[in-house]
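Protein chains: 2
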Amino acid sequence: MRACRREGVPYTPVWLMRQAGRYMKEYRDVRARYGFLEMCKQPEVAAEVTTYAAHRLNVDAAIIFADILLIIEPMGLDLEFAQGEGPVIHNPVRSPADVDRLREVESIDALDYVMQAIRITRRELKPNVPLIGFCGAPFTLASYVCEGGGSKNYINTKRLMYNDPGAWHEMMSRISRALALYLNAQIDAGAQAVQLFDSWVGCLSPDDYREFVLPHTRSVFENVKPGTPVLHFGTGTAPLLELIREAGGDVIGFDWRVRLDEAWARVGHDTAVMGNLDPVALFAGAEHVRREAKKILDRAGGRDGHVFNLGHGILPETPVETVVALVEAVHELSQR
Amino acid sequence: MRACRREGVPYTPVWLMRQAGRYMKEYRDVRARYGFLEMCKQPEVAAEVTTYAAHRLNVDAAIIFADILLIIEPMGLDLEFAQGEGPVIHNPVRSPADVDRLREVESIDALDYVMQAIRITRRELKPNVPLIGFCGAPFTLASYVCEGGGSKNYINTKRLMYNDPGAWHEMMSRISRALALYLNAQIDAGAQAVQLFDSWVGCLSPDDYREFVLPHTRSVFENVKPGTPVLHFGTGTAPLLELIREAGGDVIGFDWRVRLDEAWARVGHDTAVMGNLDPVALFAGAEHVRREAKKILDRAGGRDGHVFNLGHGILPETPVETVVALVEAVHELSQR
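Just so you know, the sequences run in chain order A and B. Each residue of the first sequence is one higher than the one before, starting from 1 at the first, in our numbering. Each residue of the second sequence is one higher than the one before, starting from 1 at the first, in our numbering.
The hints are simulated quantities; they were obtained by calculation from the structure and are not laboratory data. It is possible that some hints are incorrect.
[Stated by the list, open to error] Dumping the calculated DSBU-like pairs for lysine-lysine here, alpha-carbon to alpha-carbon at most 30 Å:
1. B:K126 <-> B:K225
2. B:K126 <-> B:K294
3. B:K41 <-> B:K295
4. A:K294 <-> A:K152
5. B:K225 <-> A:K152
6. A:K152 <-> A:K225
7. A:K295 <-> B:K152
8. A:K294 <-> B:K152
9. A:K152 <-> A:K41
10. A:K41 <-> B:K152
11. B:K294 <-> B:K25
12. A:K25 <-> A:K126
13. A:K152 <-> A:K126
14. B:K25 <-> B:K41
15. A:K152 <-> B:K294
16. A:K41 <-> A:K225
17. A:K294 <-> A:K41
18. B:K225 <-> A:K41
19. A:K25 <-> B:K152
20. B:K25 <-> B:K126
21. B:K41 <-> A:K152
22. A:K152 <-> B:K126
[To be verified] Residues on chain A that point at chain B, a partial pick, calculated with CB under 7 Å:
23. Y113
24. N153
25. Y162
26. N163
27. P165
28. A167
29. A238
30. V258
[Said to hold, decoys possible] Per label pair, the in silico range of CB-to-CB distance:
31. B:D261 <-> A:V324: 15 to 25 Å
32. A:E38 <-> B:G86: 46 to 56 Å
33. B:L37 <-> A:E85: 23 to 33 Å
The C-beta atom is built at its ideal place from N, Cα and C for all residues, glycine as well.
Just chain A, same shape as in the assembly (with noise of 0.2 Å):
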């Protein structure tokens, strides 16, 4: 919370997106006994895995066990995810018709069973650490919803972006209200910060960004209550740094392609950032993942306001140890 703030710190406090995973064993053990879904509508089981992994790995903040995607369900939108194959929207938005079907988020009540997995997870968490709530950005959300699922070129996405501007905005719109919605919602219910999670906005050029998605993500963290800190996080973004700071954010989260030093000195050092390790390097064992880290670590240069984190998401066949070998290198390489 403190770094956050750009507060001094003992050490640099470190979590890892997608720390509950399917890395982790415990976290398999419990999958097999449900879908993936219902995992996240459980609220006692998200709390169960969300817990477990910020003990088992020591790190600073937990964050709540859910899918960027749940959202959509209060939209209209049918959600599922097959096995092995990731998420299917069964009815995806193509036509300014499908925009105009997208029902208007008036209540976060269908997804109050995140607000009590947060309720749940803040009493059993430590109280020393804190527990973050999170969202998918506008755009990300918006590229599941035209695609109906993954994509590598988000063809149905730009081409509705490109068309039908105003069908666009509106989906934009519907969307970003809906999250700030959902973020106070997650905030009242107990998360101490919260993150938006634009994993997908790194295939936009710099003017689509500012164009169709900059105003947007904006608006959400104009409606996120004041006084909590908010993050920032996108992959591929080097292109887009400034503008990704104009839309908004306490603190801003970078991938491993950008050094961290050019990238916090692009988005200025008035703000808090986050990052930045390759995901990757935890495939090569303990002494890699120390040499990497004390990189970033030296790159921050002691600065206040560095969140330690990966550049992106925990990989599924992660070893457990060197992630626990991580967290435990940055804490002792950090010491102030």
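Given chain A, put chain B in place with the hints provided.
Quick look at chain B alone, frame taken from chain A:
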């Protein structure tokens, strides 16, 4: 050719990566009769699709129909294009012992079909349309060789790189020597320019690029016969542009995620550049495409040394008429 050398041109020349490809009915008709590798290995067929596409689109250059992976067959790798699945390498390189068994390519005879295709195409093309030869860059080839096919996270590639840097450098050296031979053979056969495709290099941090890739890519450039323009292209390269320039090339290709003017300034105005329309723009109709082409031409600012291209290959479902409209628009809007 003049644009590659930053000499004056009457209008901005344009060609399109993967211009002879699946989006074109005439290509699909040919493809229906042959397997993909078979098509590459039949010089008349490769020449036919190359020439047809250049003629149909009225572009200012042709690029020989081939695949970046052909060169790995004489290195002892067992390559297959499985139906609808992309390339598969049945004996990928995962260990130093696997690197040892990679054959040194002493002669390029095994790829003589490519040189034949170049000779035939050169005869059949209009004399004022130059023919471009190409190869994959060392990193992109190594990524296929290590992963055994396409990849999302490049775990096997980076694992070898980080854990066995000696074996990594040995593999990259063998690949690079083979590539120089291969490009020179293409030049001897009649290719007037050659392009290195480092399509997946954007998955690397700048540090990793500098240490594990740059010396090898540079060695390819250093060993290409002088006097032939060499184009150097990759995607997701925004954080790497200065290093890519350092590696070499007379023309640096950009993807759509950077602004052409900013990227050109970064690589230096003493180099020619190529790019950079988002291939997905072609799904949005001729008017949008014309507007976007104008934006790119404006950013090139009439400076000598701009070759218009997409920021990556044409996508399979692209409407041909929009591609034709793009070429016309570039010619018309860039009249000096």
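Against the structure, the hints:
{"no.": "1", "hint": "B:K126 <-> B:K225", "in the structure": "25 Å, holds"}
{"no.": "2", "hint": "B:K126 <-> B:K294", "in the structure": "27 Å, holds"}
{"no.": "3", "hint": "B:K41 <-> B:K295", "in the structure": "40 Å, violated"}
{"no.": "4", "hint": "A:K294 <-> A:K152", "in the structure": "33 Å, violated"}
{"no.": "5", "hint": "B:K225 <-> A:K152", "in the structure": "37 Å, violated"}
{"no.": "6", "hint": "A:K152 <-> A:K225", "in the structure": "35 Å, violated"}
{"no.": "7", "hint": "A:K295 <-> B:K152", "in the structure": "25 Å, holds"}
{"no.": "8", "hint": "A:K294 <-> B:K152", "in the structure": "26 Å, holds"}
{"no.": "9", "hint": "A:K152 <-> A:K41", "in the structure": "28 Å, holds"}
{"no.": "10", "hint": "A:K41 <-> B:K152", "in the structure": "29 Å, holds"}
{"no.": "11", "hint": "B:K294 <-> B:K25", "in the structure": "28 Å, holds"}
{"no.": "12", "hint": "A:K25 <-> A:K126", "in the structure": "22 Å, holds"}
{"no.": "13", "hint": "A:K152 <-> A:K126", "in the structure": "40 Å, violated"}
{"no.": "14", "hint": "B:K25 <-> B:K41", "in the structure": "21 Å, holds"}
{"no.": "15", "hint": "A:K152 <-> B:K294", "in the structure": "26 Å, holds"}
{"no.": "16", "hint": "A:K41 <-> A:K225", "in the structure": "25 Å, holds"}
{"no.": "17", "hint": "A:K294 <-> A:K41", "in the structure": "39 Å, violated"}
{"no.": "18", "hint": "B:K225 <-> A:K41", "in the structure": "63 Å, violated"}
{"no.": "19", "hint": "A:K25 <-> B:K152", "in the structure": "23 Å, holds"}
{"no.": "20", "hint": "B:K25 <-> B:K126", "in the structure": "22 Å, holds"}
{"no.": "21", "hint": "B:K41 <-> A:K152", "in the structure": "29 Å, holds"}
{"no.": "22", "hint": "A:K152 <-> B:K126", "in the structure": "36 Å, violated"}
{"no.": "23", "hint": "Y113", "in the structure": "30 Å, violated"}
{"no.": "24", "hint": "N153", "in the structure": "6 Å, holds"}
{"no.": "25", "hint": "Y162", "in the structure": "4 Å, holds"}
{"no.": "26", "hint": "N163", "in the structure": "5 Å, holds"}
{"no.": "27", "hint": "P165", "in the structure": "10 Å, violated"}
{"no.": "28", "hint": "A167", "in the structure": "13 Å, violated"}
{"no.": "29", "hint": "A238", "in the structure": "4 Å, holds"}
{"no.": "30", "hint": "V258", "in the structure": "5 Å, holds"}
{"no.": "31", "hint": "B:D261 <-> A:V324: 15 to 25 Å", "in the structure": "47 Å, violated"}
{"no.": "32", "hint": "A:E38 <-> B:G86: 46 to 56 Å", "in the structure": "33 Å, violated"}
{"no.": "33", "hint": "B:L37 <-> A:E85: 23 to 33 Å", "in the structure": "29 Å, holds"}
Of the numbered hints listed earlier, those contradicted by the structure are 3, 4, 5, 6, 13, 17, 18, 22, 23, 27, 28, 31, 32.
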